[in-house]
Each structure stands twice: as structure tokens, then as C-alpha cells.
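Residue numbers for the sequence shown follow the numbering used here, so the first one is 1 and each next one is one higher.
Any given hint might turn out to be false.
Okay, derived cross-link-like pairs now, EDC-like style, lysine to aspartate or glutamate, Cα gap no bigger than 16 Å in a straight line [stated by the list, open to error]: (1) Lys-180 <-> Asp-106; (2) Lys-35 <-> Asp-75; (3) Lys-162 <-> Glu-300; (4) Lys-238 <-> Asp-218; (5) Lys-163 <-> Glu-300; (6) Lys-175 <-> Glu-300; (7) Lys-238 <-> Glu-217; (8) Lys-181 <-> Glu-217; (9) Lys-180 <-> Glu-207; (10) Lys-167 <-> Glu-207; (11) Lys-261 <-> Asp-189; (12) Lys-175 <-> Asp-189; (13) Lys-61 <-> Asp-75; (14) Lys-35 <-> Asp-78; (15) Lys-128 <-> Asp-106; (16) Lys-180 <-> Glu-81; (17) Lys-167 <-> Glu-300; (18) Lys-181 <-> Asp-240; (19) Lys-35 <-> Glu-146; (20) Lys-181 <-> Asp-241; (21) Lys-162 <-> Glu-139; (22) Lys-61 <-> Glu-88; (23) Lys-180 <-> Asp-240; (24) Lys-128 <-> Glu-146; (25) Lys-181 <-> Glu-207; (26) Lys-162 <-> Asp-136; (27) Lys-163 <-> Glu-207; (28) Lys-61 <-> Glu-81; (29) Lys-162 <-> Glu-207; (30) Lys-181 <-> Asp-242; (31) Lys-121 <-> Glu-81; (32) Lys-121 <-> Asp-106.
None of these hints come from the bench; they were simulated from the model.
It should be emphasised that the depicted structure is a prediction, and the values quoted were computed from it without experimental measurement.
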Amino acid sequence: MRACCLLIVLFFLTACQPQRDLKLEAPPADAHSVKVITPDWAVASTLTALGYPPIATGDTKSYREWVGTPALPSDIIDIGERFTPNFERLAQLTSSSNNIVIIDNDFYAHLRPAYGNTPHKSVSFMSKNAIATWQDYAEPTLQLGEIIHQPQRAQQFLTQSKKQLGKLGATFRQKYPHIKKIAVVQFADSNNLRIYTNNSLFRPTFEVMGLNLITLEDQMGKGNLWGFNSLALGDLAKLDDDTCLVVVEPFSPMLRQELAKNLLWQRLGYGARAKNSRCMAVLPPIWLYGGVSSMVVFGERLNQAHWLGGKAHG
1 MRACCLLIVL FFLTACQPQR DLKLEAPPAD AHSVKVITPD WAVASTLTAL
51 GYPPIATGDT KSYREWVGTP ALPSDIIDIG ERFTPNFERL AQLTSSSNNI
101 VIIDNDFYAH LRPAYGNTPH KSVSFMSKNA IATWQDYAEP TLQLGEIIHQ
151 PQRAQQFLTQ SKKQLGKLGA TFRQKYPHIK KIAVVQFADS NNLRIYTNNS
201 LFRPTFEVMG LNLITLEDQM GKGNLWGFNS LALGDLAKLD DDTCLVVVEP
251 FSPMLRQELA KNLLWQRLGY GARAKNSRCM AVLPPIWLYG GVSSMVVFGE
301 RLNQAHWLGG KAHG
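Start from the sequences, fold in the hints, and give me the full structure.
Next comes the structure, spelled out in C-alpha cells:
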């Protein structure tokens, strides 16, 4: 039960902290004729990266802490919790302009009766297939571009981002030529974690970067709707010795201490400084249910990571 609760919390809080904005130059002030309201952070971050941030989204304070990049404008309106927003605030916003459109996805379907007559669009960044592709994330980006009447801008963002990811991948392979395989995980507690699978955004990210994502799907089965499988700590032994482990935060000091005392973790040898240890790196939180901007942030953080153990340093 504790593990399930923590996994639910991680779904809502997993993200990335501010680093630098991944967005195009801001358009002219009068160019934004469509005003978007969205409860969804993937939509909000992508629109912001395009230079057309929404006028309102949910949990703006948490967004700044957990998503961060690209940064929301300071005057954005907070509609409350993403899953249970302030309906009175929504009604006030939708009645204030004829150019309002609400963009969500099926995760927020329960909110739609409150939209009234306000135009509504559904845009999802979740892969619908067992293996996620770049196109799975490009299509919703282009869809957003159409909604805000900026299709060329959306295409420019995709082209620029894919080129940047390719460069980040080349840099990584040059810096760490001995890292051939990487598994991406996140801990719920010292005994339970998730490993990200082929239907997560990591698959197209790794493909564009020219890196090899290890998912254990051949042993654990396909990932769930959210792009991961749940593991017990001992399941990490199924990874090859030369597979490097990327741990995405949260990864608290208390959890680190618990693992340091865990005999099984010691036996696995991740991050240890011993000669025969396995390599590992810990990355700041990344919004794992986002779009292309989340991919680029991950690529940047992967290059900036402090790798321990194994052959990470050649």
C-alpha cells in the first residue's frame, strides 16, 4: 500500500527543475489571437516553448518547482489543482473573452461538463502504441500549432528540438564512449521502483540521441499506460553488468541512506567506487508525461550528470 501511494504521488510530482528555457523567440504582442486554458502541464509547457503560453493552467506553483523549463510567464492565471480545478475561476475566464479555447486530454474528461459552451480540444502526448515514436510527440505538437494558428512555428520548434537532441546524443557518446546501455528508473521507496519502458518518451529520446534504452520488457512484459513497469529492488539484478542506471529524482537523502544500508543494494553495486561496480547517475526531476521539451531537458541533464562506478569514465 505504501508503495502504491508513493507511485501515485510520483505521477503527479515527477518533473524537472528550471534550467534554461526551451522556447522560440516571443511573437508580437498582438499576434496571439487564441487564448488557451489548459489543466495539463504537457500542453502548457509545449505552448510556452512555442512562444504562445496559455493564459491559465493548473498548479502553477508546482509547475515552477517540478516542470520548470520552459518557464511559465509571471502573469499566468492559476486555475487550482489540475485534476480538480476551481470551476468558478474557469467560468470567469471563459466568460471574459470570445477567443478562449480549452485544451485537455482524456485524463481530464471528468472536467468537460464544466466547460459549458467554450470550444474544447483534446491533445494527448501519451504514446498509443507499445513502442513510442518521435511522431507520437510530433503530432500533438503540430496539433497545438494548428489550434493557435501557428503550424509553421510548431514545425520550427520540432525541427530545432530534434537537431538539438541529435547534438546532445553525439556529445554524450563522445564523452562516455563506454556507456552503451542505459536503464531509466525511479524509486518509490528502498524496495520498490519503476523502470521506464518502450512506450515512454524515453524511447524516441534515446533513438534521436543514438543511445540504447534497456527496458527489461523481454523479462517483465510491456509497460503500462504510463510507460513503466513496477519492479522490486532485486529485479535490478536482471540488468546486464554493463547497463548503466539513470535514477530520476525524487531520490531523497533518507532514501539514499536506506539503500546504503541495504545488503541487496550493496550486492548490486550501483554507483559504488569499487573496481567492479555498476555505473549509475542521478538526474533532477523531469516531467515524464510531457512533450518534446521534456525530451530535450532530459538530454541536457544526461550530459551534465555525475556518473559513478563501472566504466562511466572510460
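Status of each hint after checking the structure:
Among the hinted pairs, Lys-180 with Asp-106 is inconsistent with the structure: their alpha-carbon atoms are about 37 Å apart, more than 16 Å. Straight-line distance between C-alpha atoms of Lys-35 and Asp-75 comes to about 14 Å, which keeps the hinted pair within the 16 Å bound. Between Lys-162 and Glu-300 the alpha-carbon distance is near 13 Å, which keeps this suggested pair within the 16 Å criterion. At most 16 Å may separate the alpha-carbon atoms for a hinted pair to count; Lys-238 and Asp-218 meet this at roughly 11 Å.
For the hint pairing Lys-163 with Glu-300, the CA-to-CA distance comes to about 13 Å; that is within 16 Å, so the pair holds. Between Lys-175 and Glu-300 the alpha-carbon distance is near 13 Å, which keeps this suggested pair within the 16 Å criterion. Our distance criterion of 16 Å between C-alpha atoms is met by Lys-238 and Glu-217, whose separation comes to about 11 Å. Pair hint Lys-181 plus Glu-217 holds up; C-alpha atoms about 14 Å apart against a cutoff of 16 Å.
For a cut-off of 16 Å, the pair hint linking Lys-180 to Glu-207 stands: about 13 Å separates their Cα positions. Note on Lys-167 and Glu-207: the hinted pairing holds, with a Cα-Cα distance of about 12 Å set against a maximum of 16 Å. Our distance criterion of 16 Å between C-alpha atoms is met by Lys-261 and Asp-189, whose separation comes to about 13 Å. Simply put, Lys-175 and Asp-189 have alpha-carbon atoms about 32 Å apart, too far for the 16 Å limit, and the pair is violated.
Proposed proximity of Lys-61 and Asp-75 is supported: the alpha carbons are some 12 Å apart, at most 16 Å. Between the alpha carbons of Lys-35 and Asp-78 the distance comes to roughly 15 Å, so the proposed pair stays at or under 16 Å and holds. Among the hinted pairs, Lys-128 with Asp-106 is consistent with the structure: their alpha-carbon atoms are about 13 Å apart, no more than 16 Å. Taking the CA atoms of Lys-180 and Glu-81, the gap is about 41 Å. The hint is violated against a cut of 16 Å.
Only pairs whose Cα atoms come within 16 Å are accepted, and Lys-167 paired with Glu-300 is accepted, the gap being roughly 10 Å. A distance of roughly 9 Å separates the Cα atoms of Lys-181 and Asp-240; the hinted pair therefore holds under the 16 Å criterion. Pair hint Lys-35 plus Glu-146 holds up; C-alpha atoms about 13 Å apart against a cutoff of 16 Å. A threshold of 16 Å between alpha carbons decides the hint, and for Lys-181 with Asp-241 the separation of about 10 Å falls inside it, so the pair holds.
With a C-alpha separation of about 14 Å, the suggested pairing of Lys-162 with Glu-139 holds against the 16 Å cut-off. Only pairs whose Cα atoms come within 16 Å are accepted, and Lys-61 paired with Glu-88 is rejected, the gap being roughly 20 Å. Taken as a hint, the Lys-180 and Asp-240 pair is honoured in the structure, with Cα atoms around 11 Å apart against an allowance of 16 Å. For the hint linking Lys-128 to Glu-146, the alpha-carbon distance of about 21 Å lies beyond 16 Å, and the restraint is violated.
For the suggested pair Lys-181 and Glu-207, the alpha carbons sit about 12 Å apart, so the restraint of at most 16 Å is met. Pair hint Lys-162 plus Asp-136 holds up; C-alpha atoms about 13 Å apart against a cutoff of 16 Å. For the proposed pair Lys-163 and Glu-207, the alpha carbon gap of about 13 Å is at most 16 Å, so the pair holds. Restraint check: the Cα-Cα separation between Lys-61 and Glu-81 comes to about 10 Å, which is no more than 16 Å; the hinted pair holds.
For a cut-off of 16 Å, the pair hint linking Lys-162 to Glu-207 stands: about 11 Å separates their Cα positions. Between Lys-181 and Asp-242 the CA atoms are separated by roughly 7 Å; this keeps the pair inside 16 Å, and the hint holds. Annotation: proposed proximity of Lys-121 to Glu-81 is violated, straight-line Cα distance about 20 Å (limit 16 Å). A distance of roughly 10 Å separates the Cα atoms of Lys-121 and Asp-106; the hinted pair therefore holds under the 16 Å criterion.
The structure fails hints 1, 12, 16, 22, 24 and 31 (numbered hints given earlier, in ascending order).
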